[in-house]
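Novice: The residues making up each chain are set out below.
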Amino acid sequence: SELTEAEKRRLLRERRQKKFSNGGASSRLNKITGQASSHLNAESPLDAPSAAKTTPPASVHSATPDIKEDSNVAPQLDLLKQLAAMQGQGTGKSTPQDSSTPDLLSLLSSMNTGMPSAEGTPSFGQAAPAAPINQAALDYHDYLLNRLKAWTILVKWVFFLLPYLYLITRPNSSVWPAYAFTQSAWFAPLRNPSNFTRIFATFEFLSISIYYQLLKNVEHKSKIKNLQDTNKLVKLVSLVPEGVIPVANLKGKLITLLQYWDLLSMLITDISFVLIVLGLLTYL
Amino acid sequence: MDLTVEPNLHSLITSTTHKWIFVGGKGGVGKTTSSCSIAIQMALSQPNKQFLLISTDPAHNLSDAFGEKFGKDARKVTGMNNLSCMEIDPSAALKDMNDMAVSRANNNGSDGQGDDLGSLLQGGALADLTGSIPGIDEALSFMEVMKHIKRQEQGEGETFDTVIFDTAPTGHTLRFLQLPNTLSKLLEKFGEITNKLGPMLNSFMGAGNVDISGKLNELKANVETIRQQFTDPDLTTFVCVCISEFLSLYETERLIQELISYDMDVNSIIVNQLLFAENDQEHNCKRCQARWKMQKKYLDQIDELYEDFHVVKMPLCAGEIRGLNNLTKFSQFLNKEYNPITDGKVIYELEDKE
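Top line first, the protein sequences correspond to chains A and B. Heads up: the first sequence is residues 491 to 774, going by the working numbering. Heads up: the second sequence is residues 24 to 377, going by the working numbering.
Treat the hints as calculated values from the structure; they're not laboratory data. There may be inaccurate statements among the hints.
Here are the simulated lysine to aspartate or glutamate pairs, EDC-like style, with alpha carbons at most 20 Å apart [what the hints assert, rightly or not]:
no.: 1; chain 1: B; residue 1: Lys72; chain 2: B; residue 2: Asp184
no.: 2; chain 1: A; residue 1: Lys713; chain 2: B; residue 2: Glu327
no.: 3; chain 1: A; residue 1: Lys521; chain 2: B; residue 2: Glu330
no.: 4; chain 1: A; residue 1: Lys508; chain 2: B; residue 2: Asp184
no.: 5; chain 1: A; residue 1: Lys508; chain 2: B; residue 2: Asp326
no.: 6; chain 1: A; residue 1: Lys508; chain 2: B; residue 2: Glu330
Computed from a prediction, not measured in an experiment: that's the story for all the values here.
Take these sequences, add in the hints, and give me the full structure.
Specialist: Structure representation (structure tokens):
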């Protein structure tokens, strides 16, 4: 069904957020710095532990020297003073609710170390929680892939492999004269069982190439890279920081390997099908 | 399910929901040209709406970009009746505040203390003091945002449907965007202090009839409104501007990640100063070719990294993009992407700005 502009924007936003979550942000920076052989920091603010941003205020005693030394506090203090000045500079009517001494030093310390947000709500400037994976988009992508695979297998098995196997095992069947083209001279090599390996290999090569192209089209359309975005092994490897394992671009190599495996598995499935059909035909 | 992303800003330019549009990036990548271009295109495509372009960069460029002087108050761009510009001037704003403080001190000077304070402030002490605070430009820009919201709520003065920010280089901008959060925290703590210290604080701030708690709550509510609006993707978005070079790409990526950590929407990237050398029949020198080759390398990376973003590729023009006419010509490629084959002649058509 057609998406509205708002839905499209939301889906795209979720997809963007997904790419930056689960270590993806640092991996992107690593990629940028890696390709330019740069030594710039590749640690992402999104992957920094959130605890650092919500450190509880330090004790009064330990905080005091920090306040004097840390120049970061000064602008905030001045801003506080300025705010007070901007707010009318007059007396308020409010009365104190209690007479205890305000914990000014811990306030300053809090400013220095960062304060937890009020009422426990995630605050602006605080690391956003990891974006939920856009399950709808992933499910739809899976559906497209499964449909492609099913159609590919159906077409291959029903329209080529099955008739072909029947042809080479039952060349004199009464079925064939009904199809005039099977009796022609150019069809003769197909009827010859000794050509089986060559014909099967050519067919597999062509069908797997076409399948791979269609797979890439699906990925391009849905903007989800099947292996990169959904494979658990790839996700695990992407969490390993660059340099820990002495293999350059480990993730890329793994993705290439998995792609080959995906295509190889198609070939193995077809070989299994051929063996089963040949086995069945010997009994029929 | 068609999730293709157009390589232009058409959806933003025609958007009727966005109230705040930030344009930012590394220094020297064309932020001002890009923000002016976005503002012009929005104003042209939505003639019934009012747009305001604010420069929050301490080194203002808007006046130079349009070739006319803008100040701290919004003023319409000559030739456009629905686009205004303003340059927030920290020193002028601080001088106003200083003058206010002086007059207040003098008015309260009957007990003798006011004279001392007044004479202390006469030399612009407050302006000198606060002017040196890092981040004061951002704070003042933020005050403008608050004033704008208040005016809209109260229906006072000139109101604008969309405000476009021509921001300072990345560091300043991030500080500006952090302000709602910082202010929320400060006001929270400040509220606690006023509750505890009440009368003492009031006498500290002078005798008047101002309800500090009320004012603080009002300010807090305003800050919260801004915080909510800034994190609402239908109301606020950030347009990153970069050039096709390593440092710019790196800083853009970091900026995007920071913005995402602030929960802000960012979905557009303008890549400026592209040579498109192979399509340039007239000036296809060896240096241009080499540089275009380098740009293409980073463009490929940008295409791969930002496939879900509106990546707008803008050409490097032969002349300076200054003045409303030149900006309008250039800005059309934000609405409909630049085609080096059919649009190539435009880059030589910019008028000389005397």
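Novice: Are any of the numbered hints broken by this structure? If so, which, sorted upward?
Specialist: 4
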